[in-house]
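Given the coordinates of chain H, assemble chain A with the ligand onto it according to the supplied hints.
So the sequences go chain by chain: H and A.
With this note's numbering as the guide, the letters of the first sequence map in order to residues 165 to 433.
With this note's numbering as the guide, the letters of the second sequence map in order to residues 4 to 74.
Note that these hints are calculated values from the structure, not bench results.
Take the hints with a grain of salt, since some may be wrong.
[Said to hold, decoys possible] Taking beta-carbon pairs under 7 angstroms as the criterion, some of the chain H residues facing chain A (in silico):
| id | residue |
| --- | --- |
| 1 | Asn295 |
| 2 | Phe296 |
| 3 | Lys311 |
| 4 | Pro312 |
| 5 | Gly317 |
| 6 | Leu319 |
| 7 | Gln324 |
| 8 | Phe339 |
| 9 | Pro344 |
| 10 | Asn398 |
| 11 | Ile400 |
| 12 | Arg405 |
[Claimed, not checked] Computed cross-link-like contacts, DSS-like style, restricted to lysine-lysine with a CA-CA straight-line distance of at most 30 angstroms:
| id | chain 1 | residue 1 | chain 2 | residue 2 |
| --- | --- | --- | --- | --- |
| 13 | A | Lys6 | H | Lys257 |
| 14 | H | Lys192 | H | Lys374 |
| 15 | H | Lys374 | H | Lys311 |
| 16 | A | Lys6 | A | Lys27 |
| 17 | H | Lys192 | H | Lys311 |
| 18 | H | Lys192 | H | Lys257 |
| 19 | H | Lys257 | H | Lys374 |
| 20 | H | Lys401 | A | Lys27 |
| 21 | A | Lys6 | H | Lys401 |
| 22 | H | Lys374 | A | Lys6 |
| 23 | A | Lys27 | H | Lys311 |
| 24 | H | Lys340 | H | Lys393 |
| 25 | H | Lys374 | H | Lys401 |
| 26 | H | Lys374 | H | Lys393 |
| 27 | H | Lys257 | H | Lys311 |
| 28 | A | Lys27 | H | Lys374 |
| 29 | H | Lys340 | H | Lys311 |
| 30 | H | Lys401 | H | Lys340 |
Computed from a prediction, not measured in an experiment: that's the story for all the values here.
Quick reminder that beta carbons are idealized off the backbone N, C-alpha and C, glycines included.
The primary structure of each chain is shown beneath.
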Amino acid sequence: MIDLTEQQIERYSRHILLQDVGVEGQEKIMNARVLVVGAGGLGAPVSLYLAAAGIGRIGLVDADVVDLSNLQRQVIHFTRDVGIPKVESAKEKIQAINPDVQVDTYREFLDSSNALDIISQYDFIVDGTDNFPVKFLINDACVMAGKPFSHGGILRFHGQTFTHLPGTACYRCMFKEPPPAGAVPTCSQAGVLGAIAGMLGTIQAAETLKYFTGVGELLTNRLLTFDAKTMQFNNIKVRPRASCELCGEHPTIDHLIDYEQAACDLKHH
Amino acid sequence: MAKIYVNGEAQEVTLPLNISELIKNNNVQQPEMVSVQVNEEFAERDEWDNIQLAEGDTVDFLYFMGGGSAL
Ligand SMILES: [Zn+2]
Chain H
165 MIDLTEQQIE
175 RYSRHILLQD
185 VGVEGQEKIM
195 NARVLVVGAG
205 GLGAPVSLYL
215 AAAGIGRIGL
225 VDADVVDLSN
235 LQRQVIHFTR
245 DVGIPKVESA
255 KEKIQAINPD
265 VQVDTYREFL
275 DSSNALDIIS
285 QYDFIVDGTD
295 NFPVKFLIND
305 ACVMAGKPFS
315 HGGILRFHGQ
325 TFTHLPGTAC
335 YRCMFKEPPP
345 AGAVPTCSQA
355 GVLGAIAGML
365 GTIQAAETLK
375 YFTGVGELLT
385 NRLLTFDAKT
395 MQFNNIKVRP
405 RASCELCGEH
415 PTIDHLIDYE
425 QAACDLKHH
Chain A
4 MAKIYVNGEA
14 QEVTLPLNIS
24 ELIKNNNVQQ
34 PEMVSVQVNE
44 EFAERDEWDN
54 IQLAEGDTVD
64 FLYFMGGGSA
74 L
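With the rest of the complex left out, here is chain H (with noise of 0.2 angstroms):
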């Protein structure tokens, strides 16, 4: 355990004042290892509210470039940014905004030569990717290796995110399959409001924090959704479908697989 110094009890104070995480709730915090796939839409603001939460260790995974067309949502990177690593550029936000966290960078694609490596090291994966063969890559490795993560999913005005434990509903549970290539939407059909972005990876961020400290019920056997058009949420009941093909009575995927991208996301990355 940790002991907390003048300064850690002065910063983390409105965490400690809530009765239901406290010291012990807060120190739980410092002591965690989360993983971030993707330092764009979702991964910023998972990043940014993880880091000053006070997350001990925060490892980033994102291949790409900081570009122009990003800063409309990606709010962990600055107009000075453009033209630098997304992970190098998210990782100085974190150390500025909380010097206390340990950032990792993966300036690499995950897929299914580095996923189980890079994700054993982490005690909670959130997904912040934009596309299917990433997050079905992410369940299928955190359900192998048994590790708890957050979905999160945005399209135009819509979000969805569920989280993952051991023995709870998986995204194959729900989803069996990548969609054909052809059907996801793209690029010009596509697009999102930046602020979507926040509303979901808020969520996030908070239930990875809710799964830390014990608080409250996560959001596992169920499929949050909403539309930000409305402002309508909705909690669809899933469950563990036995003929789940991952986590089922008689599972067939016994290795991580690299499904093809559609084209729009391997331009636009």
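Relative to chain H, chain A with the ligand alone:
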């Protein structure tokens, strides 16, 4: 007429009605981008034509949503 619940909202429908027909009636733009649950049980895509809905059934459409860093 029968009453079913689609993503939590009541809908009046005419029976017989299978899932494929319900998807069409609800103007789901890209059926390949949706997963379906009936009464909280996953409905296999190749069974959509065969699963007949009944009074009081709850149907959930789960949409694929990607996007975070690039989109
Ligand atoms: Zn599963």
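For each hint, the structure was consulted:
The closest approach between the C-beta of H/Asn295 and any C-beta of chain A is roughly 5 angstroms, which is under the 7 angstroms cut-off, so the hint is satisfied. Taken as an interface hint, H/Phe296 checks out: its beta carbon lies about 5 angstroms from the nearest beta carbon of chain A, inside 7 angstroms. Below 7 angstroms, beta-carbon pairs count as interface contacts, and H/Lys311 has none with chain A, the closest being about 19 angstroms; its hint is therefore violated. Evaluation of the H/Pro312 hint against chain A yields a violated restraint, the C-beta minimum of about 19 angstroms exceeding 7 angstroms.
Hint status for H/Gly317: holds, given a least beta-carbon distance of 3 angstroms to chain A, under 7 angstroms. At about 5 angstroms, the closest approach between the beta carbon of H/Leu319 and any beta carbon in chain A falls short of 7 angstroms, and the interface hint on this residue holds. Because the beta carbon of H/Gln324 sits about 5 angstroms from the nearest beta carbon in chain A, less than 7 angstroms, this interface hint is met. The restraint placing H/Phe339 at the interface with chain A holds, with a minimum CB-CB distance near 5 angstroms, inside the 7 angstroms limit.
For H/Pro344, the suggested interface contact is upheld, since its CB lies about 6 angstroms from the closest CB of chain A, less than 7 angstroms. For the restraint placing H/Asn398 at the interface with chain A, the shortest Cβ-Cβ distance is roughly 6 angstroms, inside the 7 angstroms limit, so the hint holds. A distance limit of 7 angstroms between C-beta atoms decides the matter here; for H/Ile400 the minimum to chain A is near 5 angstroms, and the interface restraint holds. Taking 7 angstroms as the C-beta cut-off, the interface hint given for H/Arg405 holds, the closest approach to chain A being about 5 angstroms.
The suggested pairing of A/Lys6 with H/Lys257 is violated, with an alpha-carbon distance near 53 angstroms, which exceeds 30 angstroms. For a cut-off of 30 angstroms, the pair hint linking H/Lys192 to H/Lys374 stands: about 11 angstroms separates their Cα positions. Taking the CA atoms of H/Lys374 and H/Lys311, the gap is near 15 angstroms; set against the 30 angstroms cutoff, the hint holds. The suggested pairing of A/Lys6 with A/Lys27 holds, with an alpha-carbon distance near 17 angstroms, which does not exceed 30 angstroms.
Taking the CA atoms of H/Lys192 and H/Lys311, the gap is about 17 angstroms. The hint holds against a cut of 30 angstroms. For the hint pairing H/Lys192 with H/Lys257, the CA-to-CA distance comes to about 23 angstroms; that is within 30 angstroms, so the pair holds. At roughly 23 angstroms between alpha-carbon atoms, H/Lys257 and H/Lys374 fall within 30 angstroms of each other, so this suggested pair holds. Simply put, H/Lys401 and A/Lys27 have alpha-carbon atoms about 23 angstroms apart, close enough for the 30 angstroms limit, and the pair holds.
Restraint check for A/Lys6 and H/Lys401: satisfied, since their Cα atoms lie roughly 20 angstroms apart, inside the 30 angstroms limit. Pair hint H/Lys374 plus A/Lys6 does not hold up; C-alpha atoms about 38 angstroms apart against a cutoff of 30 angstroms. Distance check on the hinted pair: A/Lys27 and H/Lys311 sit about 38 angstroms apart at the alpha-carbon level, beyond 30 angstroms; violated. A distance of roughly 28 angstroms separates the Cα atoms of H/Lys340 and H/Lys393; the hinted pair therefore holds under the 30 angstroms criterion.
The suggested pairing of H/Lys374 with H/Lys401 holds, with an alpha-carbon distance near 20 angstroms, which does not exceed 30 angstroms. Straight-line distance between C-alpha atoms of H/Lys374 and H/Lys393 comes to about 28 angstroms, which keeps the hinted pair within the 30 angstroms bound. A C-alpha spacing of about 27 angstroms is found between H/Lys257 and H/Lys311, which places the hinted pair at or below 30 angstroms, so the restraint holds. This hinted pair does not check out: A/Lys27 and H/Lys374 have alpha carbons roughly 40 angstroms apart, beyond 30 angstroms.
Proximity of H/Lys340 to H/Lys311 is assessed by CA-CA distance (about 20 angstroms); at most 30 angstroms being required, the pair is judged to hold. Proposed proximity of H/Lys401 and H/Lys340 is supported: the alpha carbons are some 17 angstroms apart, at most 30 angstroms.
In terms of the numbered hints stated before, the structure departs from hints 3, 4, 13, 22, 23 and 28, listed from lowest to highest.
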